[in-house]
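Chains as they are written, first to last, in my numbering: chain A, 91 to 469; chain B, 53 to 286.
Treat the hints as calculated values from the structure; they're not laboratory data.
This structure is a prediction, so every number in the text was calculated from the model and none was measured.
Accuracy of the hints is not assured; some may be wrong.
[What the hints assert, rightly or not] Within a straight-line C-alpha distance of at most 25 angstroms, the following computed BS3-like cross-link-like pairs (lysine-lysine) qualify:
(1) A/Lys-304 x B/Lys-237
(2) A/Lys-322 x B/Lys-156
(3) B/Lys-156 x A/Lys-304
(4) A/Lys-304 x B/Lys-140
(5) B/Lys-237 x B/Lys-261
(6) B/Lys-261 x A/Lys-332
(7) A/Lys-430 x A/Lys-220
(8) B/Lys-124 x B/Lys-140
(9) B/Lys-156 x B/Lys-140
(10) B/Lys-156 x A/Lys-321
(11) B/Lys-261 x A/Lys-321
(12) A/Lys-332 x B/Lys-207
(13) B/Lys-156 x A/Lys-273
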Amino acid sequence: MDGDFHMRYKNIKTLKDLFPFSLKDLLIMTFLETVTLVVGFILIYNNENIVFVTSIFVLSVVLISRLTHGYFYGAFSSVLSAVAINIFYYEFSMTQYNMLSLNNYFPFVCIISVSIITCNLTNQMREKEKIHAWTERERIKSDFLLSISHDLRTPLTSILGANSTVLENFDTLSKEQMISLLKNVNDESLWLIRMIENILSVTRIDSKDAKVSKKCEAVEEIVSEAVRIFKKRFPSQAVTVKVPQELLLVPMDAILIEQVLINLLENVIKHSGGSDIITVTVSREDDYAVFEVLDNGGGISADVFSRLFENKSRHKKDEVDNNIEKSFGIGLSVWMSIIKAHGGTMQAENRKNGGATFRFRLPFKGEEKYEQQADYTYS
Amino acid sequence: MSNRPTILIVEDEISISNFICSMLSANNYNAIAAKDGKSALEMIASYCPEVIILDLCLPDINGTEIIKSVRKWSQIPIIVVSARHHEKDKVEAFDLGADDYITKPFGSAELLARIRTAIRHANNAASTTLSQDGVFSVHNLTVDFDKRRVWVGNKEVHLTQNEYKIVALLSKHAGRVLTYSFIIKTLWGPHAKCENQILRVNMANIRRKIEENPAEPVYIITEVGVGYRMSDGE
Chain A
91 MDGDFHMRYK
101 NIKTLKDLFP
111 FSLKDLLIMT
121 FLETVTLVVG
131 FILIYNNENI
141 VFVTSIFVLS
151 VVLISRLTHG
161 YFYGAFSSVL
171 SAVAINIFYY
181 EFSMTQYNML
191 SLNNYFPFVC
201 IISVSIITCN
211 LTNQMREKEK
221 IHAWTERERI
231 KSDFLLSISH
241 DLRTPLTSIL
251 GANSTVLENF
261 DTLSKEQMIS
271 LLKNVNDESL
281 WLIRMIENIL
291 SVTRIDSKDA
301 KVSKKCEAVE
311 EIVSEAVRIF
321 KKRFPSQAVT
331 VKVPQELLLV
341 PMDAILIEQV
351 LINLLENVIK
361 HSGGSDIITV
371 TVSREDDYAV
381 FEVLDNGGGI
391 SADVFSRLFE
401 NKSRHKKDEV
411 DNNIEKSFGI
421 GLSVWMSIIK
431 AHGGTMQAEN
441 RKNGGATFRF
451 RLPFKGEEKY
461 EQQADYTYS
Chain B
53 MSNRPTILIV
63 EDEISISNFI
73 CSMLSANNYN
83 AIAAKDGKSA
93 LEMIASYCPE
103 VIILDLCLPD
113 INGTEIIKSV
123 RKWSQIPIIV
133 VSARHHEKDK
143 VEAFDLGADD
153 YITKPFGSAE
163 LLARIRTAIR
173 HANNAASTTL
183 SQDGVFSVHN
193 LTVDFDKRRV
203 WVGNKEVHLT
213 QNEYKIVALL
223 SKHAGRVLTY
233 SFIIKTLWGP
243 HAKCENQILR
253 VNMANIRRKI
263 EENPAEPVYI
273 ITEVGVGYRM
283 SDGE
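Chain A with its partners taken away, still in its complex shape:
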């Protein structure tokens, strides 16, 4: 990782890096240079002082160097500008052109220096920005890793403990003791598995631009699958699902959204303090599909609420924090980032009559709306 970093951001001095080609830069340069030439010509034509004209050219070269990438555009426009200044000067001041006069080359040297210095500064700035973004990402990553390893260690310790107890004492332990220990192992392993599924989810988000690969999916299918998987794990929990009559197709990474829904449902089991029924609804709100998971349990307490979506840091040791950590752990912040990567938003609130609502919206983003009545015959 570190080597990669140095390769990408320190040794950029290949020819291609110094002179990258981009149509946008070319257009910027052409536009600015043309404007300057026209303005310069008008000024000279109206007998303005050559000093004015020169300063306008310098400004233009600085702007081009600043706005484009690499050295080419700045250098090219500065040469052009210097030529233009010379022509303007000799044409309009009626002075005889003298090849040997040092005065001819003075504007060249000045303006090219200006261009190169500006290009250099611009490049340095851009590099710093890149490095900054990279370190920020690495910081988030390492925070995330730290909090995961903490979350993983606890169940692993208990699995190892229970298992070695059984292995070393299977003669002396009663059957009940053994079963209870093994059941413990089972529960903790299940918890670990879910944790790891969440962690894997994060790897599906492209680390470069925090984007996910989206495909149009039928919302009702994703919701019903999530509920089906959840019911397999918690058969005794009542869940009702409501989807609109209209078929909603939303671009998304289906596995990730399913994951978020399953997590929100399991969240209710873990933290609502018992809910008679969980309701999952999907509705359409302008350009968004709105997913809601509602329960009628104990709701979210105020101190938990304020830190709900923070990337929980593991340093705090007090009781409440440990509780949130065990409960939401990496969860909520991860799901939040998943929803954000889809261009959506996520909220939580307490319901008036008790219980909590977790809600997220995903944009349709101008996807074609399919009328549900039609039978699409393929031609």
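Model the placement of chain B on the given structure of chain A, informed by the hints.
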């Protein structure tokens, strides 16, 4: 001993292979294990197992190669074991002819259920019960292939041409996952673009007609990112 169905486990992780073997032996199966693709192919040829449990990640050859080469000469049920986050592998495995997949991690009960289903399907296919009387039924749903009619309970459901074709196709392969591309190619021909949306729209319509609550389907189950499966009552 001799009457116990033989099951081959192709898995390179010894610990997983061990636990599956002992679980299967405890449940009256004759379990044999191969830990790489080459020995797996040899063992399939010499033992002719009833069911193959195949992990796609193998040290020597890709698991999909095994499906391909087995399918050239045999319809032995293949249950693919894969990680949850690899839908592409799943789709490929199904399109190559895998019968079922189970995602890691799985419990013993789930795997045993899949094995039973696989064995039952293999037997059914052998005795061609697929359409012996031209009728498929599960729970309250009845599909009459001869009359091209569908009932839920006593009420006939009016499906459009394409909707009926989808229901009939899934019913004929009840219990098996059919991938999106397989369904689309069967309905709209081999040159149809993989336009999942048209399929989804049709599926939404079908569900609104046959399911009590389209958001909690009983008959046609979605396998996210992979395809659809008609329930076979299990």
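Hints not upheld, ascending by number
Going through the list in order, the structure violates no hint and respects every one.
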